[in-house]
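2 protein chains.
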Amino acid sequence: MSHALRIGIAGLGTVGASLVALLQQRKNELAVTCGRPIEIVAVSARNRNRDRGVDLSALDWYENPVELAEKAEIDVFVELMGGATGSADESVRAALSRGIHVVTANKALLARCGVELATMAEEKGALLNYEAAVAGGIPVIKALRESLTGNNVRRVYGIMNGTCNYILTRMEKEGLSFADCLKEAQRLGYAEADPAFDIEGNDTAHKLAILTTLAFGTRIAPDDIYLEGITNISIEDIRAAADLGYRIKLLGVAQVTETGIEQRVHPTMVPRDSVIAQVDGVTNAVAIESDILGELLMVGPGAGGNATASAVLGDIADIAKSRPGAQTVPVLGRPAATLEPYRRAQIQSHEGGYFIRLTVEDRAGVFAGIATHMAANGISLESIVQRPQSGREASSQTIILVTHATREDALRSAVAAISADGYLVGNAQVIRIERTKAD
Amino acid sequence: MSHALRIGIAGLGTVGASLVALLQQRKNELAVTCGRPIEIVAVSARNRNRDRGVDLSALDWYENPVELAEKAEIDVFVELMGGATGSADESVRAALSRGIHVVTANKALLARCGVELATMAEEKGALLNYEAAVAGGIPVIKALRESLTGNNVRRVYGIMNGTCNYILTRMEKEGLSFADCLKEAQRLGYAEADPAFDIEGNDTAHKLAILTTLAFGTRIAPDDIYLEGITNISIEDIRAAADLGYRIKLLGVAQVTETGIEQRVHPTMVPRDSVIAQVDGVTNAVAIESDILGELLMVGPGAGGNATASAVLGDIADIAKSRPGAQTVPVLGRPAATLEPYRRAQIQSHEGGYFIRLTVEDRAGVFAGIATHMAANGISLESIVQRPQSGREASSQTIILVTHATREDALRSAVAAISADGYLVGNAQVIRIERTKAD
Chain A
32 MSHALRIGIA
42 GLGTVGASLV
52 ALLQQRKNEL
62 AVTCGRPIEI
72 VAVSARNRNR
82 DRGVDLSALD
92 WYENPVELAE
102 KAEIDVFVEL
112 MGGATGSADE
122 SVRAALSRGI
132 HVVTANKALL
142 ARCGVELATM
152 AEEKGALLNY
162 EAAVAGGIPV
172 IKALRESLTG
182 NNVRRVYGIM
192 NGTCNYILTR
202 MEKEGLSFAD
212 CLKEAQRLGY
222 AEADPAFDIE
232 GNDTAHKLAI
242 LTTLAFGTRI
252 APDDIYLEGI
262 TNISIEDIRA
272 AADLGYRIKL
282 LGVAQVTETG
292 IEQRVHPTMV
302 PRDSVIAQVD
312 GVTNAVAIES
322 DILGELLMVG
332 PGAGGNATAS
342 AVLGDIADIA
352 KSRPGAQTVP
362 VLGRPAATLE
372 PYRRAQIQSH
382 EGGYFIRLTV
392 EDRAGVFAGI
402 ATHMAANGIS
412 LESIVQRPQS
422 GREASSQTII
432 LVTHATREDA
442 LRSAVAAISA
452 DGYLVGNAQV
462 IRIERTKAD
Chain B
32 MSHALRIGIA
42 GLGTVGASLV
52 ALLQQRKNEL
62 AVTCGRPIEI
72 VAVSARNRNR
82 DRGVDLSALD
92 WYENPVELAE
102 KAEIDVFVEL
112 MGGATGSADE
122 SVRAALSRGI
132 HVVTANKALL
142 ARCGVELATM
152 AEEKGALLNY
162 EAAVAGGIPV
172 IKALRESLTG
182 NNVRRVYGIM
192 NGTCNYILTR
202 MEKEGLSFAD
212 CLKEAQRLGY
222 AEADPAFDIE
232 GNDTAHKLAI
242 LTTLAFGTRI
252 APDDIYLEGI
262 TNISIEDIRA
272 AADLGYRIKL
282 LGVAQVTETG
292 IEQRVHPTMV
302 PRDSVIAQVD
312 GVTNAVAIES
322 DILGELLMVG
332 PGAGGNATAS
342 AVLGDIADIA
352 KSRPGAQTVP
362 VLGRPAATLE
372 PYRRAQIQSH
382 EGGYFIRLTV
392 EDRAGVFAGI
402 ATHMAANGIS
412 LESIVQRPQS
422 GREASSQTII
432 LVTHATREDA
442 LRSAVAAISA
452 DGYLVGNAQV
462 IRIERTKAD
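Protein sequences, first through last, are from chains A and B. According to the numbering used here, the residues represented by the first sequence are 32 to 470, in order. According to the numbering used here, the residues represented by the second sequence are 32 to 470, in order.
Some hints here could point you the wrong way.
Note that the list lumps identical chains together, so a pair holds whenever it fits in one copy or between two copies.
[Said to hold, decoys possible] List of simulated lysine-lysine pairs, DSS-like, C-alpha gap at most 30 Å: (1) 155 <-> 58; (2) 155 <-> 102; (3) 155 <-> 214; (4) 214 <-> 204; (5) 214 <-> 468; (6) 102 <-> 58; (7) 204 <-> 102.
If you're looking for bench data, these hints aren't it; they were derived computationally from the structure.
Full structure from sequences and hints, please.
Take a look at the structure:
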């Protein structure tokens with residue numbers, strides 16, 4: 032049996048503690064499967080005295096993770112601290128510059144400087160694995176950078192934030208408001224005290240930026256993402272979607288178009304009969320559409336200490352199974368030096384169907400006005416539902432339109448014209464419809 | 032750039048021809064991604080003169096695939112002939128005995144002698160990759176043997192035969208009979224002229240046997256599988272299932288139980304709201320339940336020249352990316368020598384819910400008799416539907432029972448007792464219910 036693979040772990044939160052426990056409990060089994068033992072030799076975390084339910088007494092303790100990465104006698108540095116800058120960044124660079132393999136779950140770091148880190152890793156012959164950074168336990172990184180080699184990917188899209196999907200699922204199933212569901216998600220630990228990063232779509236955007244690079248071979252462009260969160264989704268939208276045969280999901284979508292690559296994160300209507308529409312609660316799902324394989328959809332736990340630790344463990348095992356000197360798999364799917372510049376397709380040129388919910392004053396000519404503006408912008412309608420508003424606003428009506436495929440700028444122009452007419456109560460609600468395989 | 036990876040391909044049917052075309056068309060792109068060119072140097076097929084739409088003129092042609100495997104100057108032997116014995120078997124052994132890597136899509140060969148081949152490969156330091164052998168383009172082999180390392184798998188189950196799923200989907204959506212849907216599947220090329228291998232469940236069984244070994248680390252046991260095809264599924268079953276909130280799918284299931292490992296292939300009721308219930312037509316799906324990760328579900332094309340070629344290409348690319356001498360990944364998830372004996376759990380000890388459809392004579396006391404036999408065998412009922420039979424058999428009634436979890440032997444004993452009472456018209460229809468994540 033070969034020599035042990037020596038691991039240093041920086042960050043002992045939920046994921047880190049799970050990982051230490053698993054590596055200790057399954058030591059013998061892992062040694063058989065990987066052909067050599069995996070041994071934790073050093074750890075680093077903020078608080079040495081916290082009880083993490085694991086025995087750290089035999090391990091070298093480093094106050095400073097960067098020092099661990101610089102000095103410890105290790106083969107793999109596992110970064111589980113998080114954060115796009117600071118210790119996480121410095122320690123990963125320190126490890127790579129020594130030619131030490133790195134495993135990380137840090138999507139923010141990769142989104143910010145993944146190309147630079149990939150370049151360092153490839154120059155030094157080190158591996159940089161990060162399966163846990165996107166969609167937790169779902170092996171989407173491996174699918175894109177290994178299984179789909181040779182395929183031209185056309186679109187990758189998915190539910191990549193459990194908090195948002197939990198909220199939307201509860202709103203639909205129980206008829207609760209967004210605010211109530213958010214509170215419930217916070218109570219259950221599915222949402223942070225400050226939930227903005229999740230519900231505004233930023234978390235999904237970081238993950239999408241990484242997938243875009245793997246899918247299309249372009250440089251990571253986390254700032255070139257159209258972003259719209261779920262805070263404006265109302266129970267009325269969800270009900271209207273259901274009536275029309277749709278569910279609303281927060282999707283991240285990256286897609287090749289004639290004008291460049293679209294990256295967008297927004298609430299999206301998906302056909303109720305599609306597989307992805309059935310993905311409920313904190314579960315994640317990622318679909319990859321490519322020219323040889325067709326559509327591959329993967330569904331699984333997107334977060335949680337164990338699911339994330341499982342992905343980290345898989346990354347470590349991949350290194351354990353490879354032999355010294357065996358640099359495999361380019362970090363970002365192709366050598367970092369060969370990544371193409373990212374050419375952004377603006378959201379204005381997006382083409383697709385749209386759901387539009389308008390609350391309008393109940394007076395003559397309103398509907399004709401709406402129809403005229405749609406026609407003037409070349410937008411044809413797939414369905415129209417008009418119903419009286421119940422309750423206190425009985426003098427208003429709700430009109431729901433579903434368009435055939437049209438361009439975003441035409442749609443916006445039509446909505447602006449409708450708004451300018453003065454009969455709208457409140458703002459127009461516009462939700463993009465995403466074509467899925469079941470269409 | 033390193034030297035080219037030299038490939039020999041035996042078998043130029045749909046998959047082989049797709050693969051040759053892809054390797055030729057995407058030569059430059061693959062060289063960038065893999066860090067070195069992939070070059071086909073030799074091929075073998077039955078008929079040299081057939082037009083396959085690809086240019087083979089620059090390649091060495093071997094009449095005999097075994098000779099190709101024995102003599103060609105290649106790094107990887109790609110076996111796409113199929114068949115559990117004969118040329119496929121001999122040529123794979125010839126290649127491995129030279130220490131040449133093998134990529135194959137041959138589930139029958141692996142089910143029959145996978146452990147032996149894995150042992151040869153590991154002794155010679157060769158890789159044996161076979162992603163295309165199970166569920167076509169879905170990367171389930173990679174998920175089980177790489178991503179889930181360290182996990183204890185509890186159950187793996189899936190829709191792994193497109194022909195059966197196509198037939199069941201059409202029966203449900205269009206209310207057609209099994210025979211009509213089979214004819215339609217044959218007309219469209221989704222079913223063979225002799226469809227027995229698919230519709231009796233044998234094809235699913237081969238794939239399941241491979242997944243069982245990867246999931247549980249036991250020796251491949253293709254003959255220890257409980258097998259029941261879809262030929263007895265009637266439109267009445269599908270309608271009754273729908274009424275109760277279920278769909279019927281042909282599943283292969285491998286599961287750890289107290290008495291051993293169950294391997295079973297049979298028509299199965301799955302909750303209509305579960306993700307796997309939405310998998311329609313020729314699409315495949317595989318779910319893996321493990322203790323760290325939780326449930327991972329993968330959905331994608333299970334057959335077809337391109338989808339299969341995509342998986343083969345991924346396997347070749349994995350070899351291209353690895354460096355000489357870098358033996359990675361044990362063939363069957365752990366070194367072949369460490370695989371445990373397979374301990375079969377008999378179907379009689381299976382525990383689960385059951386759907387039972389009985390056509391009975393319309394006379395007093397029948398229902399009481401049925402209920403008494405169920406109770407006598409300790410079976411409690413979740414739901415009971417009784418409705419008059421329409422049409423010519425108006426003197427009979429249909430009774431549908433859904434049981435809570437019970438043992439198969441208790442269920443069979445109850446059904447035998449009911450049959451012995453003499454009021455059944457025809458045979459009792461019994462369909463197992465599979466718990467899914469959505470339950």
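Which earlier hints can't be squared with this structure?
3, 7
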